[in-house]
Amino acid sequence: MKSSVAPQRVVSLLGAATETIHRLGLGDQLVGRSHECDYPPVVLSLPMISKPRLDVESPSASIDAAVREQVKAGETVYALDDEQLSLLAPDLLITQDHCRVCAVTPRDVANSVTCSSVRQLVLKPATLNDCLGDVQRVAVAMGFPERGDALRATLEARLQRVRELSSAATGGASDQSSPRAAPFAAPRVAVLEWCDPIMGCGYWIPELVRLAGGVPVHCSPPGGATPTLTFSALLEGPAAPDVVIFALCGFSVARSAREIAESWGAQQLEALLAACGKENCFVVDGNYLVNRSGPRVVESAEAFAECAHPALRGHFGHLGTPLLATLSRALAEAEADVGRGKVRPPPVPSPSRCCGGGGAESTSASGSPADAVAAQLVCLSSHDFVGAFRLNSAANQARWCSADRFEAVLKGHAAFGCLLLPREDFVGECGPSLHEVSAARDDGTDEEGNGGGLKSRTTAAVRVTLPSVKPRGTAKEAALAPKAASTFTWTMVKEEGAGGDGPQWRTEKVG
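When we follow the UniProt record's numbering, the leftmost residue of the sequence shown carries the number 1, and every step to the right adds one.
Treat the hints loosely; a few may be bogus.
[Claimed, not checked] Restraint ranges, calculated between C-beta atoms of paired labels, are given here:
| hint | residue 1 | residue 2 | range |
| --- | --- | --- | --- |
| 1 | E156 | G27 | 28 to 34 Å |
| 2 | S62 | G27 | 33 to 39 Å |
| 3 | A153 | R68 | 39 to 45 Å |
| 4 | E146 | A233 | 43 to 49 Å |
| 5 | G367 | A89 | 22 to 28 Å |
| 6 | A153 | E496 | 52 to 58 Å |
| 7 | A6 | A168 | 52 to 58 Å |
| 8 | E270 | D97 | 26 to 32 Å |
| 9 | E164 | T489 | 51 to 57 Å |
| 10 | R9 | Q268 | 47 to 53 Å |
| 11 | Q8 | K51 | 24 to 30 Å |
| 12 | D404 | E156 | 30 to 36 Å |
| 13 | R9 | S232 | 25 to 31 Å |
[What the hints assert, rightly or not] Straight-line C-alpha distance at most 27 Å; calculated DSS-like pairs for lysine-lysine:
| hint | residue 1 | residue 2 |
| --- | --- | --- |
| 14 | K411 | K509 |
| 15 | K51 | K509 |
| 16 | K51 | K278 |
| 17 | K51 | K124 |
Worth flagging that the hints you see were computed from the coordinates, not collected in a lab.
By construction, the Cβ of each residue, glycine as well, lies at the ideal position given by its N, Cα and C atoms.
Using the sequences provided together with the hints, build the complete structure.
Written out as structure tokens, the structure reads:
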């Protein structure tokens, strides 16, 4: 794709392209991103202009069924925010035509009135060469082809280093005819991209496995689609793997482990570990290390090399981090509810006071859920993101991973931008109104107390209404502010406080 004019306002709807733009030193040209563009972390502050039409928190089987149903009905998987796009006024839109499930496609874009007149770069990576070539295609579209050439050369040099180290680890063995018992035989490696149903790997992943010194099994030829298989087929026959790597699409190690445990069950997991050995079964953060077609294909190859060769385990610094673990360790941590976040383990709740020292008292169980919400709103409007983060439940903190990520997502999310505004920015300069709308016991039923109030509550809902916002600021700022009054519902849970402070109300979810 050639253009005589370099774009100045780029919206990327593909995580790999977003990363590439930053690797090219052109991140300042980005004005918007898709929901899946989360790396480098600085992009989280950009407006998010897409969202999935299905519940991505559903179990693996439910997600697969929902996607199949949408495909069968001819529906698109993602929705674009036309109003947001119009305000951003992009002069280049980057999307992909590789997988309608993994990211926004031209078909999704075609449903957007705003996008119809915007210049588009459509990437379609299927092989490793395509992935590397897309680096150059993005650079050309951005007006800096020489930077693309240099970045591709750097990535190829790094891949060559992985190839050389892996070859040395196997004594040069790289074909499937090598005896499995030979000292330096290339191990048969099964990379699984989904667990319910079980799916092998496709497109450029088999090439990366071979580059990392393994023999890819349960996969399509390079460039082919991901195959589906049964559990018995996974472990039986000539394609029985020596090494199994779970790289579930879009999932962290922690979520992958939970999904595997729930969908496979103890009997199948025991059979897998017995067949391959506990030391040869791994879970990788698919979202961070494997499922992207951009510059991090190098990190994918490094992770595969660490899994495939005992001599290289830890060599590239991936194994033993929250990004790559043995299956046994991942399952144990999931059972203990450790490391639910995408990249980092959850923070330890701090006993220190929040919101400038004034909010901690109001979040105890002796206060109301509305008091806890009010304290969090004070933190948000004063931009005390650490204080606001600490007022989340333990599970919610784990989902956000850190106060920094919490802050970045709030600033980049159109729906939540108004929560960060001071009172004087609202019409009438009045603050939010709060109303406790429901409460529930552990069994999900409400109960009246002697004084007419609700008692013994472990969950509650608080409705927050914000006035309309005064029109002001740049187009980007206007895009983050609602034009009319906004209503949110805080779902609250009662948890034991840190440092023996007793039960406290904490934010579980805001919608």
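Going down the list of hints, with the structure as the test:
Taking 28 to 34 Å as the suggested C-beta distance range, the pair E156 and G27 does not conform, at roughly 23 Å. Between S62 and G27 the beta carbons are some 36 Å apart, a value that agrees with the proposed interval 33 to 39 Å. With their beta carbons about 41 Å apart, A153 and R68 fall inside the hinted range of 39 to 45 Å. One distance hint, 43 to 49 Å for the beta-carbon pair E146 and A233, holds here, with the actual separation near 48 Å.
At roughly 46 Å, the beta-carbon separation of G367 and A89 lies outside the given 22 to 28 Å, and the hint is violated. A beta carbon spacing of about 55 Å between A153 and E496 agrees with the range 52 to 58 Å that was offered as a hint. Checking the proposed 52 to 58 Å range against A6 and A168 shows it is violated: the Cβ atoms sit about 43 Å from each other. The supplied range of 26 to 32 Å is broken by E270 and D97, whose beta-carbon atoms lie about 42 Å from each other.
The beta-carbon spacing between E164 and T489, approximately 56 Å, falls within the hinted interval of 51 to 57 Å. Between R9 and Q268, the C-beta spacing of about 50 Å keeps the proposed range 47 to 53 Å intact. A hinted range of 24 to 30 Å holds for the C-beta pair Q8 and K51, which are about 26 Å apart. Hint check: D404 to E156, Cβ distance near 33 Å, so the stated range 30 to 36 Å holds.
Taking 25 to 31 Å as the suggested C-beta distance range, the pair R9 and S232 does not conform, at roughly 53 Å. A distance of roughly 17 Å separates the Cα atoms of K411 and K509; the hinted pair therefore holds under the 27 Å criterion. The hinted pair formed by K51 and K509 meets the criterion: a straight-line CA distance of about 18 Å does not exceed 27 Å. Distance hint between K51 and K278 is unfulfilled; the C-alpha atoms sit about 38 Å from each other, more than 27 Å.
At most 27 Å may separate the alpha-carbon atoms for a hinted pair to count; K51 and K124 meet this at roughly 21 Å.
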